[in-house]
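Asks: For reference, the chains in residue letters:
There are 2 protein chains.
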Amino acid sequence: MTDTVQTDADAPALPTPDDVLAAAERIAGQAHRTPVLTSRTLDALVGATVLVKCEAYQRGGAFKFRGAYNALSRLTAAERERGVVAFSSGNHAQAVALAGAILGVPVLVVMPEDAPASKTAATRGYGAEVVLYDRAGESREEIAGRLQAERGMTLVPPYDHADVVAGQGTAALELFREMGPLDALLVPCGGGGLLSGSALAAQHASPGCRVIGVEPERADDATRSFRTGTLHTRQPGPDTIADGLRTPSLGRITFPLVRELVAEMHTVTEDAIVEAMRFLWTRMKVVAEPSGAVPLAALMADPAALRGARVGIIVSGGNVDLAAACALLAR
Amino acid sequence: MTDTVQTDADAPALPTPDDVLAAAERIAGQAHRTPVLTSRTLDALVGATVLVKCEAYQRGGAFKFRGAYNALSRLTAAERERGVVAFSSGNHAQAVALAGAILGVPVLVVMPEDAPASKTAATRGYGAEVVLYDRAGESREEIAGRLQAERGMTLVPPYDHADVVAGQGTAALELFREMGPLDALLVPCGGGGLLSGSALAAQHASPGCRVIGVEPERADDATRSFRTGTLHTRQPGPDTIADGLRTPSLGRITFPLVRELVAEMHTVTEDAIVEAMRFLWTRMKVVAEPSGAVPLAALMADPAALRGARVGIIVSGGNVDLAAACALLAR
Chain H
1 MTDTVQTDAD APALPTPDDV LAAAERIAGQ AHRTPVLTSR TLDALVGATV LVKCEAYQRG
61 GAFKFRGAYN ALSRLTAAER ERGVVAFSSG NHAQAVALAG AILGVPVLVV MPEDAPASKT
121 AATRGYGAEV VLYDRAGESR EEIAGRLQAE RGMTLVPPYD HADVVAGQGT AALELFREMG
181 PLDALLVPCG GGGLLSGSAL AAQHASPGCR VIGVEPERAD DATRSFRTGT LHTRQPGPDT
241 IADGLRTPSL GRITFPLVRE LVAEMHTVTE DAIVEAMRFL WTRMKVVAEP SGAVPLAALM
301 ADPAALRGAR VGIIVSGGNV DLAAACALLA R
Chain R
1 MTDTVQTDAD APALPTPDDV LAAAERIAGQ AHRTPVLTSR TLDALVGATV LVKCEAYQRG
61 GAFKFRGAYN ALSRLTAAER ERGVVAFSSG NHAQAVALAG AILGVPVLVV MPEDAPASKT
121 AATRGYGAEV VLYDRAGESR EEIAGRLQAE RGMTLVPPYD HADVVAGQGT AALELFREMG
181 PLDALLVPCG GGGLLSGSAL AAQHASPGCR VIGVEPERAD DATRSFRTGT LHTRQPGPDT
241 IADGLRTPSL GRITFPLVRE LVAEMHTVTE DAIVEAMRFL WTRMKVVAEP SGAVPLAALM
301 ADPAALRGAR VGIIVSGGNV DLAAACALLA R
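Protein sequences appear in the order of chains H and R.
Using this note's numbering, the letters of the first sequence map in sequence onto residues 1 to 331.
Using this note's numbering, the letters of the second sequence map in sequence onto residues 1 to 331.
There's no promise every hint is true.
Claimed, not checked - Calculated from the model, a selection of chain R residues having no Cβ within reach of chain H, i.e. all distances over 12 Å: (1) Ala11; (2) Pro12; (3) Thr38; (4) Gly47; (5) Glu55; (6) Gln58; (7) Arg59; (8) Ala62; (9) Ser118; (10) Gly152; (11) Lys285; (12) Val286; (13) Asp321; (14) Ala327.
Claimed, not checked - What the simulated footprint calls covered on chain H by chain R, stretch by stretch (three residues with Cβ under 8 Å from a Cβ of chain R suffice, anywhere in the stretch; the number is not a length): (15) 56-62; (16) 200-209.
As the list claims (entries may be wrong) - A few chain R positions that, by computed beta-carbon distances, are all more than 10 Å from chain H: (17) Asp10; (18) Leu37; (19) Ser139; (20) Gln235; (21) Thr282; (22) Ala288.
If you are wondering where the hints come from, they were derived from the structure by calculation, not from laboratory data.
Bear in mind that the values here come from a model prediction, so they are computed numbers and not experimental data.
Backbone N, C-alpha and C define an ideal beta-carbon position, used for all residues, glycine too.
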């Protein structure tokens, strides 16, 4: 892939399949082994054997706990004492807060002032300190940087970090270990942490598996980056309902991993995401958040491509505002 | 218990724990082994270790498939050829239809004319013939009796049948086999099939376990029957939202089993059912129907009684009308 990825003298070391195996040992007993659900109705609908790995049942309600716990458990004693900082209004913040509570690491989360009260409350509920900032007047990077400098805290980024990527890969690793090799695995792609980690897991446990990343059409930066070999950022326009996938772009670690290890990238419409959510809720009884329904949306929109195959999909999380989700679904 | 149950010369033979074990072998490979979920948030909330057996993930979306498949698989070749009849507008009808489709047994379901179109469609979707009747002008028992006589079909009742009870008991049996003995098991009670079967399973696999039946206050006939030793029927009044538990009374098989094997009966309010549903949906990511949330409602309403215990609860099903459920929950 040297023709497409820019030379980067300070390029960070990329995680390997061995790092995913090590992460799996580290999180054992702390992360849930999430269930794999099947549906004959779904299999008949798409003409494939579909194995649904449900990270909605992970601690904190999303796969993010895997990466956060793996990253925090690799800190030195001195780093643990000084604590960590994360900036996020979503699942990553809660995952870092939860991992910090378990490991006795102080956690500070930087959130916008207009974040839903339920999210700040949930993050504080896990014992984290929440610092609010004015989205219009301040940059969260500056704030986090200042807090790092003042308190000596370690930043835990949401995806562009080798230990985070390795931790996220443990979900796919569990799926392969439980169900054996697969023909294809569909994974949601925001910043690419879960997708990169899944691809590393497949390299080890199911080398023939086509790992396929899926994005909303409205946040298709990774698909464009993948196809062109140049890092694209998300274009202005209406936000996707898949709020977990609104990340601006792949990162310095996830972009080369996605380019090298992922077989295909696909995009899905907002309507397809809602229909996949509806199927997961009403037929499979899984409360999936919009981001978590994105891989199923791709499979349902184009089942011909994987006819007869053994296909895994990762439902990445289930953290929804119930009123907002009902407004989407109950119509 | 001879002082409380009336002498009944034609008393049907009651199923035994061995019948549950035999049912478990019969349904193996056909019924799903449903997941057992845990939540540290729930454990902290109620001060107990709670194991949630999720029959929402059973085929057909409810535990009913277990009993239906067990009953149909015990028919003779001649009986299978003539087919079976069930009258139900709920989960039992779909379960019998699905079991019939698998076993090649024709299924006729008698449903009221005003049943939701989604339910008649789902039942037909499983390959059953649906006969509609006018709730005001006809009795469904008469209709079913006539169809039985004309076509020689076998009636599969929803709960008062030894093979149905034995089949329903396999859910609790799986829970005990996977998680070991429990201090208490909370089970929803409508006609008492799931509750009786669960108590039989406990007798074999966890003899010290207190099996506790839970009903809505608005359908407390089994609680009154249990406490008085006389069979009570449901009193007129507003319907409970737990539509699966609106059965008129326990039956000739389930009443003596409940009296003999169940430790306690509890009732819960409508508000408590909604709050338990909300917890299951938003915190545990399980789409539970109101009837399925009833045991958790009892545990959340009175956690002191089971403080420190290892407690199983059976979430009996997840078949909801999404718009109706959202109207309950998203407020």
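Asks: Does each hint fit the structure? Answer for all of them.
Replies: Right, here's what the structure says about each hint:
no.: 1; hint: Ala11; verdict: 38 Å, holds
no.: 2; hint: Pro12; verdict: 34 Å, holds
no.: 3; hint: Thr38; verdict: 8 Å, violated
no.: 4; hint: Gly47; verdict: 18 Å, holds
no.: 5; hint: Glu55; verdict: 10 Å, violated
no.: 6; hint: Gln58; verdict: 9 Å, violated
no.: 7; hint: Arg59; verdict: 7 Å, violated
no.: 8; hint: Ala62; verdict: 10 Å, violated
no.: 9; hint: Ser118; verdict: 10 Å, violated
no.: 10; hint: Gly152; verdict: 30 Å, holds
no.: 11; hint: Lys285; verdict: 4 Å, violated
no.: 12; hint: Val286; verdict: 6 Å, violated
no.: 13; hint: Asp321; verdict: 9 Å, violated
no.: 14; hint: Ala327; verdict: 8 Å, violated
no.: 15; hint: 56-62; verdict: holds (count 4)
no.: 16; hint: 200-209; verdict: violated (count 0)
no.: 17; hint: Asp10; verdict: 41 Å, holds
no.: 18; hint: Leu37; verdict: 6 Å, violated
no.: 19; hint: Ser139; verdict: 33 Å, holds
no.: 20; hint: Gln235; verdict: 32 Å, holds
no.: 21; hint: Thr282; verdict: 6 Å, violated
no.: 22; hint: Ala288; verdict: 8 Å, violated
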